[in-house]
Amino acid sequence: MRHVSRRHFLAGAAVATTGTALLGRAPAALGQQVRELQVWHTEVEPQTVKTIQDTSIAEFEKKFPGFKIKQQALGWGDLNTKLLAALAAGSPPDLTHLNPFMTASLYTKNLLRPMDELIRALGEKDIHEATLKLQYFDGKYYGVTHAMGATYFAERRDLREAKGLKPPETYTDMLTLAAALTDEGKRWATQMPGEKLYMGFVHPAEWLAGNGGSWVEPKTWRPQLNGKPMLEALDYAQKLNKFMPQGWSGQKYLDTLAALATGKIAMAHLSGARTIGYIERYAPETMRDPDHFQPMFRPHGPQGRVGISALDGENWAVFTQSKYPNEAFEFLRLFYKKEHYMKYCHSVPIHLTPIFKSMINDAEYLSNPRIKKWRSWHDFMVRGLNEHRFLPIGFSRPEDNLVPFLAELDGSGIVADMVVEVMVGGKDPKAEADRAQKRAEELLTQLGAKRWS
Amino acid sequence: MNRHPLVGWLLLAPSLLLLGGLVLFPIVYNVWLSLHDKHAFMPVQAFVGLRHYVYFAQDAEFWSSVRYGVIYAGLTLVLQLLLGVSAALLLNEGFRGRNLLRGVVLFPYMIPTIVAVILWKWLLNDSYGLVNHLLLAGGLVRTPVAWLGKDHIMESLILTSVWQFFPFVVVTYLARLQTIAPELYEAAKVDGAGAWRRFRHITLPQTRNVLFVIVLLRSIFMFTKFDTVWLMAGEGGVSRYVRTLPVYAYARSFTYLQAGMGAALAVLMFLLLLAATAVYFRALRGDEAVA
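Heads up: the protein sequence lines correspond to chains G and F, in order. So for the first sequence, the working numbering puts the first residue at 1; every next one is plus one. So for the second sequence, the working numbering puts the first residue at 454; every next one is plus one.
Just so you know, these hints were derived from the structure itself, not from any lab. These figures come from a predicted structure and were not determined experimentally. Glycine included, every Cβ here is placed at the ideal spot set by N, Cα and C. Hints should not be assumed to be uniformly reliable.
Unchecked claim - In silico DSSO-like cross-links for lysine-lysine, where the CA-CA straight-line distance does not exceed 27 Å: (1) Lys-242(G) with Lys-574(F); (2) Lys-163(G) with Lys-264(G); (3) Lys-642(F) with Lys-186(G); (4) Lys-82(G) with Lys-70(G); (5) Lys-574(F) with Lys-252(G); (6) Lys-70(G) with Lys-228(G); (7) Lys-82(G) with Lys-642(F); (8) Lys-574(F) with Lys-264(G); (9) Lys-133(G) with Lys-338(G); (10) Lys-133(G) with Lys-372(G); (11) Lys-372(G) with Lys-337(G).
Claimed, not checked - Residues of chain F clear of chain G, computed beta-carbon distances all greater than 12 Å: (12) Leu-488; (13) Phe-652; (14) Arg-693; (15) Leu-727.
From just these sequences and the hints, can you work out the full model?
Listed below in structure tokens is the structure:
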């Protein structure tokens, strides 16, 4: 082996290092550096991810050759965690989905960019009122909903009709129906999802909204967890628990859809058009139709007039710290371009109902085979929108978009603890509500949101 | 060395920098953070001194999480020891297939926590889980048991954790067993000592040191265990019934978004462990075998 002197070795190493570094930088030096637009969203269905890639992303990358879009589809809980970590690190994505109850919190911290120009370009008057002003603060828009879904009961219509009962209007009707549909040891009437987000935030918000209550007193922001509307709702939930499988609090939302499709329960407490996919996959072949499975509105409480469900529609948001905000807005224009948006909405029909009024009853939109087959589910969605039976996830009243601490209230698990102690633990609703009220007051005080004396 | 003290320090510098940056700085920063009211992701903070500590002293959630942590760590520790030591004793004997079994025993410890938890959640699911299926088929229960519900979630969590972590005890204990001189056992046998007496008077004293270390390490590991607990129940309504201190600290930091309070909980957890370790050392200090 030939001897290599130290001097030669060092010189060779220096040349190799410089060469490697220059090669690594070559695209930049040649003006070919590809910039990456980070886009995070919550639509995890593979066909939806592929549709976005093949439509709006493909056109964007063609139009802006120096850019690549990296889309990341994350489940809601994962997105939330990842987003908070990214914000803490000061490097959020360029464009992301947010839930409306988080938007106010981020807006008050000056983290969001207004998007009035985009909204006007999309057609302000054509965007459905149920979503248009959810991210509207101080005269400016800070978000635009990607599509509309809704949560409601999915029921075994055939079983209910066999009992000669109508869809329930009130808590009392619902308990009567639940008792009738429970077949001890064989089938339970209903099942709530065990995830904290749903049983500890989405449903309690619906209960408050459907029973004349609200999370906080509108002027003072004092929590209202031990008010009459919540106490009545807790009493209802405790009674409903008797008609649910014992282990529901340890199961997940998707488990409840599978349980409905396979006949283990008669009503999925949290359902949406995504349920259709489960029915078509797991229900007995002769039952995969709207004659057997139907959506059903929520009942209302003694203080309410109409049952309210959560509108599942995250909004796109662009952060003040986004690296490429202009390109993010450009991408959104392409995302909502009719030909692309139609394909996007068709990737999970009905679950992704268009935000544009002109498209909801558009012949092309309705021509999708699944919408044709499950037309009654689409009509139900439209009826709910027209009758104002939906409120964004976690909202107890429309004005909750201005409450800046709903994300923290949800995250604290205070409401979830109260609900689980009352429903599963069988504890006294008043005592648990008082405890939750005390904890919530402490939390808001710590967050500097206390306005009451 | 005395002639070139600077060279010595320069050689030590990378290690010192690494230690300082990766160990000391996070600890000091965490203590500093615990004295502030700090939002999880907003660059706003205010000095509050010991206010968070005073708050937690009166916080029912904190004491509940300590209680759940002690129950979880205590029971998993005892069961890991029983199972691990028994398995190690068995694997120390000569029999056909011993080497294969030694490898198999390590399996739970080698798989990622997420896989272990998903596996057990699937097995224990009350709608479609294998455990309930077998119980029902065997006529042992009439309706499925809600293993992941309020009444059994702690047992399920303990079962999963013991299954996943007992191989640590097996490996550590077995390593020590293999170094005990066989002559000791032969002599005891000649003297007429049965299996139990040999275990009590030879094995146990000989393995005392390793047991001391196992108990210490596993107590710390289990009391600070986050991933298994979180994955098993963290996002669910039942988390209330297994909310240990690390989970509560995480929640304060990343779901309540109160990083300062989360940091205070981490400091408290450290102090609790420090106190428990000191008591443990003191209790066994007089024992020469341990010292």
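Going through the hints against the structure:
For the suggested pair Lys-242(G) and Lys-574(F), the alpha carbons sit about 24 Å apart, so the restraint of at most 27 Å is met. Between Lys-163(G) and Lys-264(G) the CA atoms are separated by roughly 17 Å; this keeps the pair inside 27 Å, and the hint holds. Our distance criterion of 27 Å between C-alpha atoms is broken by Lys-642(F) and Lys-186(G), whose separation comes to about 60 Å. Straight-line distance between C-alpha atoms of Lys-82(G) and Lys-70(G) comes to about 15 Å, which keeps the hinted pair within the 27 Å bound.
About 11 Å separates the Cα atoms of Lys-574(F) and Lys-252(G), which keeps this hinted pair within 27 Å; it holds. Among the hinted pairs, Lys-70(G) with Lys-228(G) is inconsistent with the structure: their alpha-carbon atoms are about 48 Å apart, more than 27 Å. Distance hint between Lys-82(G) and Lys-642(F) is unfulfilled; the C-alpha atoms sit about 62 Å from each other, more than 27 Å. With a C-alpha separation of about 19 Å, the suggested pair Lys-574(F) and Lys-264(G) falls inside the 27 Å cut-off, and the hint holds.
A C-alpha spacing of about 21 Å is found between Lys-133(G) and Lys-338(G), which places the hinted pair at or below 27 Å, so the restraint holds. Between Lys-133(G) and Lys-372(G), the direct Cα distance comes to roughly 31 Å. Violation of the 27 Å bound is thereby established for this hinted pair. Our distance criterion of 27 Å between C-alpha atoms is met by Lys-372(G) and Lys-337(G), whose separation comes to about 23 Å. No beta-carbon of chain G is positioned within 12 Å of the beta-carbon of Leu-488(F); the least distance is around 15 Å.
Every C-beta of chain G lies more than 12 Å from that of Phe-652(F), the closest at about 40 Å, which supports listing it as non-interface. The beta carbon of Arg-693(F) sits about 5 Å from the closest Cβ of chain G, which is not more than 12 Å, so the claim that it is off the interface is violated. Interface exclusion of Leu-727(F) from chain G stands, the closest Cβ pair being 27 Å apart, more than 12 Å.
The structure shown violates the earlier hints numbered 3, 6, 7, 10 and 14.
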